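There are 2 protein chains.
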Amino acid sequence: MGVETKTAVVLVSGGLDSATVLAIAREAGHQCIALSFDYGQRHRIELDAARQVAEQGGAIDHSVLTLPIGELGGSALTDLNLDVPEATEAASDEIPVTYVPARNTIFLSMALGLAETTGATDIFIGANAVDYSGYPDCRPVFIDAFERLANVATRAGVEGDGFHIHAPLIDLSKAEIIQRGVELSVDYALTISCYNPSPEGLACGVCDSCYLRAKGFEEAGITDPTLYRT
Amino acid sequence: MGVETKTAVVLVSGGLDSATVLAIAREAGHQCIALSFDYGQRHRIELDAARQVAEQGGAIDHSVLTLPIGELGGSALTDLNLDVPEATEAASDEIPVTYVPARNTIFLSMALGLAETTGATDIFIGANAVDYSGYPDCRPVFIDAFERLANVATRAGVEGDGFHIHAPLIDLSKAEIIQRGVELSVDYALTISCYNPSPEGLACGVCDSCYLRAKGFEEAGITDPTLYRT
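Here the protein sequences come in this chain order: A and B.
Note that this note's numbering has the first sequence beginning at 33, numbered continuously upward.
Note that this note's numbering has the second sequence beginning at 33, numbered continuously upward.
I should point out that these hints are in silico values taken from the structure, not numbers from a laboratory.
For clarity, every value in this text was computed on a predicted model and none was experimentally measured.
Note that the Cβ used here is the ideal one computed from N, Cα and C, for glycine as well.
Wrong hints could be hidden among the right ones.
Cβ pair distances, simulated, as ranges [to be verified]:
id: 1; chain 1: B; residue 1: E191; chain 2: A; residue 2: E251; range: 26 to 34 Å
id: 2; chain 1: B; residue 1: G233; chain 2: A; residue 2: V214; range: 34 to 42 Å
id: 3; chain 1: B; residue 1: V173; chain 2: A; residue 2: R76; range: 33 to 41 Å
id: 4; chain 1: B; residue 1: E251; chain 2: A; residue 2: I92; range: 36 to 44 Å
Can you build the whole structure from these sequences, using the hints too?
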């Protein structure tokens with residue numbers, strides 16, 4: 033048996049952040065159930081990355097659930113009529129067009145349902161408030177509000193020991209995330225960050241997400257394994 | 033045009049409670065977008081009822097979104113391996129087997145996403161703490177926690193006037209709900225409450241939900257339009 037008695041649900045997108053979160057959850061002694069969503073995102077290739085990340089990261093199971101978030105509309109990430117913007121050097125105070133309405137609320141709600149049915153007490157999410165400060169659902173105040181909700185919403189929250197929502201990257205810079213992941217042997221070559229990759233999974237190199245990823249590797253002083261299409 | 037300027041998303045299940053909520057939201061001056069979910073529930077016939085309720089209730093639109101809640105398992109309502117229990121006269125303090133893990137959290141999260149993309153500021157849900165006190169996500173403390181979450185989770189909550197989550201039935205008995213609905217001309221013949229209806233939509237008459245519905249009509253002194261299969 034060993035020391036891994038607590039089960040956690042870990043949201044795994046196929047990106048750099050959630051791959052790091054999976055490694056952090058494992059190092060904290062959790063046995064991890066990876067959870068990914070097929071929600072009509074442009075870059076469905078990230079689901080293949082998520083499968084590889086879950087396997088390489090030692091998850092005991094990997095659920096992929098289909099969600100109709102694209103049908104809600106309103107985001108450049110799911111609406112093919114909106115252009116994905118190119119990166120701007122200076123971070124803006126505005127909420128980006130790539131914001132998906134209520135996304136992390138929906139993702140955590142599904143994670144909560146899965147946690148309750150599997151007996152997991154902990155949920156890990158790669159939300160980050162530093163590089164993506166424009167997203168309201170990537171802030172500590174959101175994570176805290178969701179944890180409070182989880183503990184009144186569910187049988188396990190009311191009758192059991194309660195849920196803990198972990199966002200271990202929330203205050204880290206991209207460079208710090210990468211450094212932490214490298215310490216934990218995360219294979220970032222498996223991950224994809226680009227908002228607009230080629231069908232083969234090659235990154236565009238010009239979107240916000242590519243920009244932040246490249247900058248993070250550079251600041252961390254670590255070689256970027258990303259393959260670009262140009 | 034006219035006075036109906038505020039848009040609301042109303043969760044409509046095809047049951048008695050949500051049909052009443054739609055009428056209440058309309059009477060309060062909202063233009064209403066009905067939202068239903070196909071989540072592998074046993075009684076999919078309720079989606080047909082939801083369509084009729086939305087139309088008769090004057091909703092300007094009706095979205096039906098497919099959710100993979102059944103894949104999470106753990107409830108007699110979505111898991112075909114669990115039997116739906118028959119009613120017991122005395123309400124129990126335990127959470128019923130028909131509890132669906134995190135259901136209202138997931139439903140409200142999707143409603144929040146739809147509200148944000150449609151510009152709706154209000155969300156109505158037929159949660160009721162009286163007859164279904166065993167469900168943790170049918171209590172006022174849950175509704176309050178979700179409203180707090182909504183207002184930190186979203187662009188509209190942070191930048192706009194905020195969201196209001198309405199659960200106008202939360203403190204009403206089934207009889208009071210029916211009386212209110214009859215005042216508002218709800219056609220309860222369109223609704224279905226049974227956990228285990230026949231393929232033609234005839235109610236079983238023995239499940240918890242049938243029991244509470246019949247008792248409600250009796251206490252309200254109103255003729256029950258439900259068609260039973262026995």
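Looking back at the numbered hints, which does the structure fail to meet, lowest number first?
-> 2 and 4
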